[in-house]
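Protein sequences appear in the order of chains A and B.
When you line the first sequence up against my numbering, it's residues 1 to 364, in that order.
When you line the second sequence up against my numbering, it's residues 1 to 364, in that order.
There are no misleading hints in this set.
A pair counts as met if it fits within one copy or between any two copies, since identical chains are not told apart.
Mimicking BS3-like on lysine-lysine, the simulated pairs with C-alpha atoms at most 27 angstroms apart in a straight line are:
| hint | residue 1 | residue 2 |
| --- | --- | --- |
| 1 | K66 | K7 |
| 2 | K160 | K359 |
| 3 | K143 | K39 |
| 4 | K205 | K178 |
| 5 | K313 | K92 |
| 6 | K66 | K166 |
| 7 | K158 | K237 |
| 8 | K205 | K243 |
| 9 | K7 | K319 |
| 10 | K116 | K313 |
| 11 | K157 | K178 |
| 12 | K178 | K39 |
| 13 | K166 | K178 |
| 14 | K313 | K112 |
| 15 | K97 | K112 |
| 16 | K73 | K11 |
If you're looking for bench data, these hints aren't it; they were derived computationally from the structure.
Treat the numbers as computed from the prediction; the structure is a model and nothing was measured.
Protein chains: 2
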Amino acid sequence: MITPLAKIKEKLIANKLEAILISSVSNIGYLTNYSGFSKEEREAYLLITRNKQYVLTDGRYAQAVKILIPDFKLIEISPKLSAGEIIKQIAKKHHIKRMGFEENNLTFLEYKTIKKYFNNIYHLSISDLRNVKSSKEMQAIEKACELGDKTFNYILKKIKIGISEKELAFEIEFFIKKHGADISFSPIVAFGANSAIPHHQISEKRLATSDKLVLLDFGVKLNNYCSDMTRTVFFGKPTSKQKHIHQTVLEAQNLTIKSLTSDGGPERSRRNSSEVDRTAREYIISQGYKTIPHSLGHGIGIEVHESPHLSPKSKDILKEGMVFSIEPGIYIHGFGGVRIEDLVVLEKSGPRLLTHSPKAIIEL
Amino acid sequence: MITPLAKIKEKLIANKLEAILISSVSNIGYLTNYSGFSKEEREAYLLITRNKQYVLTDGRYAQAVKILIPDFKLIEISPKLSAGEIIKQIAKKHHIKRMGFEENNLTFLEYKTIKKYFNNIYHLSISDLRNVKSSKEMQAIEKACELGDKTFNYILKKIKIGISEKELAFEIEFFIKKHGADISFSPIVAFGANSAIPHHQISEKRLATSDKLVLLDFGVKLNNYCSDMTRTVFFGKPTSKQKHIHQTVLEAQNLTIKSLTSDGGPERSRRNSSEVDRTAREYIISQGYKTIPHSLGHGIGIEVHESPHLSPKSKDILKEGMVFSIEPGIYIHGFGGVRIEDLVVLEKSGPRLLTHSPKAIIEL
Numbered sequence: 001m002i003t004p005l006a007k008i009k010e011k012l013i014a015n016k017l018e019a020i021l022i023s024s025v026s027n028i029g030y031l032t033n034y035s036g037f038s039k040e041e042r043e044a045y046l047l048i049t050r051n052k053q054y055v056l057t058d059g060r061y062a063q064a065v066k067i068l069i070p071d072f073k074l075i076e077i078s079p080k081l082s083a084g085e086i087i088k089q090i091a092k093k094h095h096i097k098r099m100g101f102e103e104n105n106l107t108f109l110e111y112k113t114i115k116k117y118f119n120n121i122y123h124l125s126i127s128d129l130r131n132v133k134s135s136k137e138m139q140a141i142e143k144a145c146e147l148g149d150k151t152f153n154y155i156l157k158k159i160k161i162g163i164s165e166k167e168l169a170f171e172i173e174f175f176i177k178k179h180g181a182d183i184s185f186s187p188i189v190a191f192g193a194n195s196a197i198p199h200h201q202i203s204e205k206r207l208a209t210s211d212k213l214v215l216l217d218f219g220v221k222l223n224n225y226c227s228d229m230t231r232t233v234f235f236g237k238p239t240s241k242q243k244h245i246h247q248t249v250l251e252a253q254n255l256t257i258k259s260l261t262s263d264g265g266p267e268r269s270r271r272n273s274s275e276v277d278r279t280a281r282e283y284i285i286s287q288g289y290k291t292i293p294h295s296l297g298h299g300i301g302i303e304v305h306e307s308p309h310l311s312p313k314s315k316d317i318l319k320e321g322m323v324f325s326i327e328p329g330i331y332i333h334g335f336g337g338v339r340i341e342d343l344v345v346l347e348k349s350g351p352r353l354l355t356h357s358p359k360a361i362i363e364l
Numbered sequence: 001m002i003t004p005l006a007k008i009k010e011k012l013i014a015n016k017l018e019a020i021l022i023s024s025v026s027n028i029g030y031l032t033n034y035s036g037f038s039k040e041e042r043e044a045y046l047l048i049t050r051n052k053q054y055v056l057t058d059g060r061y062a063q064a065v066k067i068l069i070p071d072f073k074l075i076e077i078s079p080k081l082s083a084g085e086i087i088k089q090i091a092k093k094h095h096i097k098r099m100g101f102e103e104n105n106l107t108f109l110e111y112k113t114i115k116k117y118f119n120n121i122y123h124l125s126i127s128d129l130r131n132v133k134s135s136k137e138m139q140a141i142e143k144a145c146e147l148g149d150k151t152f153n154y155i156l157k158k159i160k161i162g163i164s165e166k167e168l169a170f171e172i173e174f175f176i177k178k179h180g181a182d183i184s185f186s187p188i189v190a191f192g193a194n195s196a197i198p199h200h201q202i203s204e205k206r207l208a209t210s211d212k213l214v215l216l217d218f219g220v221k222l223n224n225y226c227s228d229m230t231r232t233v234f235f236g237k238p239t240s241k242q243k244h245i246h247q248t249v250l251e252a253q254n255l256t257i258k259s260l261t262s263d264g265g266p267e268r269s270r271r272n273s274s275e276v277d278r279t280a281r282e283y284i285i286s287q288g289y290k291t292i293p294h295s296l297g298h299g300i301g302i303e304v305h306e307s308p309h310l311s312p313k314s315k316d317i318l319k320e321g322m323v324f325s326i327e328p329g330i331y332i333h334g335f336g337g338v339r340i341e342d343l344v345v346l347e348k349s350g351p352r353l354l355t356h357s358p359k360a361i362i363e364l
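I would like the entire structure built from these sequences, with the hints used as guidance.
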């Protein structure tokens, strides 16, 4: 298995670059195995040349970085020595004239600051860097999914009349954190008609018998890798319309998963993420519902949303070792919605499910 | 009191711009009072002209935005209509030729996408937009500080032999969330020698009698406004060296706060944040310790770290209505550290403390 650092060095060569500046916390985590930097503020950069690698950070992280990122030379950012100045010095020392950077992460201000130090500076899209997972990464994702399944099992017992969406979301978070993990995003909990809003913000709404629908979308972050899963369960007996919606979403997901197997059609269309997206979308429309108002799925790993993207306009090609969600949904304004989301890893013979919580209709 | 929207329109005029693109979630929250967008991914923009304002977001947020941001015209981003395309159409409709953007927030990729639609596009620093707080903002910050004080009082009872840093941090988070608020950042809990690392990452380390020092740095986020406070308490009787360090840090903080009052020296130096920083720094050095390895303080509001900055190189001038931290510290590698942090608001007569937890030596 090629290491993350070797992958980045291949990109240097392929793009005829002498160095690359890595600024996103996710890629820093991927390349160094250190995930201590904050996403809220810029606290570190990696500068990687063809045969040397540097980590730039300030005094708060110096001790940790020395121990935990031994393969990178640490240069400390301080009030006397700015990141820009350090980059300038390294560029001079190694005669770097052609440098790349992460165009979807570096801010304009940072770009403006450093571009003057190089003859040529190239904006690179390296969002595919992390899309094929190693076996070690797979283990981490599977552990996160496992705790996600446990959380779902636990949380079903907490769905009781009078509990609020906010309280239920808190129970999810509490359970995950009690098990030493973090949440990969703020849990979505939607009761009744709220489930028709795909990205509902949890409210103080309390569960009533008439609500029926309970949509739960949450994920675990464990050892820096994420899980993500959605289930829609019923509080009481679903109506026949609700049952039909649930069955249609589940069938759309099943058809999509089947289409990814080696006998699911010609190789070309199986691997084309926009065509995979279309499989679910067309089935839902064929059953008399509106199209899915979001993409069918997304890659997942260090970030909860990453490459590949499964959407109508995506050009991503699905490859062995990629991990992504498949999450069709039907949403009817004022009535309610159903979404079912699982993670799969694409293997030689087809997709393998990573989330295992039950998908048949659950009546609580 | 001038409204946030009026402030931004003043900036348009002052910079001879016809429009400004707002992309940071903090400034979107400030200008719209809506704080539902994620910081992890780009989910919305505001485009503000001299007499019209737009919010651009996707279907997940459309319902909420229509209700909660009625003064902004919603235009939905979709697979068929990208944010760039919408910006292009608005620019055309209003004949916008000179547009500004947030240079420290917009990514290079976004800049590249939109710059072609305008004759002139200007990178603006509007980090001072939020630095003077309104009375409504002050109320929100004070509420957050109040819950922070309650949390400190509660957490003291949880400091017991054998508890781990991670468990104690979890107790802080749990208490804050049980009270309907959020944490403004991941709590820092450091035992013994770990307290010498200003930005210690919480570990599985368990509290032992020999640790003595317990550093707690945490904040509350309530109604979108943050608090931040640090206390260093003693588990058992402090040594005379530890006592001296604690007294020195506390005295450095007291001297700094006093220097901000109207009789604290000439107006010029009282209001110059680098000179305020120097007051604490020089006192600590005069007592035989190394200088503070971080800045003395930071503004706080919607973000836990924002303008003004109190540091040796800062050019920020402190004004009435600004809220900021004062957090001197002494750190001795392998031995331990003490930091004391409070929030103050600068009023006409001087600073008023917003955090009220006890600062005298606490022996547990």
